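If you read the sequence shown in the working numbering, its first letter stands for residue 278, the second for the next number, and so on.
The set of hints was computed from the structure by calculation and includes no laboratory data.
Keep in mind the model is a prediction, meaning the values are calculated, not measured.
A hint or two may mislead.
[As the list claims (entries may be wrong)] Below are the SDA-like pairs computed for lysine to any residue, each with C-alpha atoms no more than 25 Å apart in a straight line: (1) K712 with D669; (2) K688 with L358; (3) K613 with N661; (4) K507 with T454; (5) K712 with D352; (6) K712 with F291; (7) K659 with D669; (8) K340 with R408; (9) K505 with F291; (10) K440 with G426; (11) K376 with F563; (12) K600 with R588; (13) K613 with P581; (14) K413 with R591; (15) K659 with I672; (16) K659 with L718.
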Amino acid sequence: MPGQRYSRFFPILFLLADLLCLNAGIFIANYFRFGTVFYQNDSYTTLQLILNGVWLVIFFSTKLHEISREYRLIDHINKVLTGLVINLSIVFALWFVAKPFYYSRQHLFMTYLAFTVLLILWRTCWHFFIRYYRRKGFNTRNVVIVGYGELAIELETHFRVNKGLGYKFIGYFDDDTEKARGRYLGTIDQIASYIKGNAVDVIFCCLPRLYDEQIKGLIDFAENNLIKIKIISQFSRLGHKNLTIQKYGNIPIINVSAIPLDNRLNQAIKRGFDLIFSSLVILFIFSWLIPIIGLLIKLESKGPIFFKQNRNGRDNQPFLCWKFRTMVVNQEADSKQATKNDPRITKVGAILRKTSIDELPQFINVFLGDMSVVGPRPHPIKLNEQFQPKIDRFIQRHAVKPGITGLAQAKGFRGETAQFSDMSGRVRLDRFYVKNWSLLLDFKIIVLTVISIIRGSENAY
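Take these sequences, add in the hints, and give me the full structure.
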């Protein structure tokens, strides 16, 4: 049975450290905005209490105190970023409702910038510390595997190679005494007697070597002795990262087509991020940029400031996509891609396309919900019709909302798709994004996109 578990203090540690980071962020913002760490003002003291209260709610509602030992660093940071986005959404909502103009927006921005950096830094340090601590033999869990086979051997190897997980493999239980050599502990019927005399924390059951009655008996025994039990099946061989279990009545069904953005919480998080990001762009950039760009477009050529085109969005449904007009008005805009040295592109348009400023009006699409800040780039409908029959699972890129930028664009697949390999490479990265979405991946893509724009790309024309 489990002995002394210091891990029960981890939630308290996480909460106190998170609050320390938040308040340190407030003090840093105080210093940069007011020139003193401890700013003596009742209004800002109230703000500090509110921000702490909001984070307390987010901390427990998003279960930031529950960090699984199986989590990779990217999983841990993604969970933290999820909490931060939800927190910011609530704070922004309160800000817009209360309209507290006596507070400095610069102070709030500095607070959350410092808080985000400090929070990610301390959580990263914790991740590496606890992995090191477990490799030294502390905070470990004793595990046994029931049912010997290839999957069981792979699992044992995984525990041995990844000692930072803190799983200490004890041995196998299997009715086939000939196959279960090495660390053989006994038959399945002998598990109960073994565990009564030895400390076991987790039982891993490898299917299909066990029968339903055996599984049910093991589950009953484990639950009566406060031992965790986990079931491994041959479905792990399918290679799908996002297998999920759904229930139809009392029948469990394994869904092999699940993607992260099927989850309602993930959808809400991504939509919250999109609303915050697009609102900031519309409020602080569009107000002065659109008149300037519009005037330059009008001075060079006749026609509208904006170019609007039907494109395929989520579930392959068409929507009206907005851009700054970069070409002279022509009849081939919907049927012919822009090419290098294309005579239709205006001088102002060439600059807009090179810097990707022509895409900025799509933040209106993001605000309206047709697009996302990050996602597969929407293609003209005729381009989709051309390549969909030629590329396997092309349509999977439309399982999520299209984006202003995407993984393909961040990796250099911008502009014209003159070759089949250009489009197939773009679709391959789009499908990877759909299957592996996370908030951290979105942030990475945004950073890579900014770097790509600064460096410039020969395909941006």
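Evaluated hints:
{"no.": "1", "hint": "K712 with D669", "result": "holds (15 Å)"}
{"no.": "2", "hint": "K688 with L358", "result": "holds (23 Å)"}
{"no.": "3", "hint": "K613 with N661", "result": "holds (13 Å)"}
{"no.": "4", "hint": "K507 with T454", "result": "holds (23 Å)"}
{"no.": "5", "hint": "K712 with D352", "result": "holds (15 Å)"}
{"no.": "6", "hint": "K712 with F291", "result": "violated (30 Å)"}
{"no.": "7", "hint": "K659 with D669", "result": "holds (18 Å)"}
{"no.": "8", "hint": "K340 with R408", "result": "holds (20 Å)"}
{"no.": "9", "hint": "K505 with F291", "result": "holds (24 Å)"}
{"no.": "10", "hint": "K440 with G426", "result": "holds (22 Å)"}
{"no.": "11", "hint": "K376 with F563", "result": "holds (21 Å)"}
{"no.": "12", "hint": "K600 with R588", "result": "holds (12 Å)"}
{"no.": "13", "hint": "K613 with P581", "result": "holds (19 Å)"}
{"no.": "14", "hint": "K413 with R591", "result": "violated (48 Å)"}
{"no.": "15", "hint": "K659 with I672", "result": "holds (14 Å)"}
{"no.": "16", "hint": "K659 with L718", "result": "violated (30 Å)"}
Checked against the numbered hints above, the structure breaks hints 6, 14, 16 and satisfies the rest.
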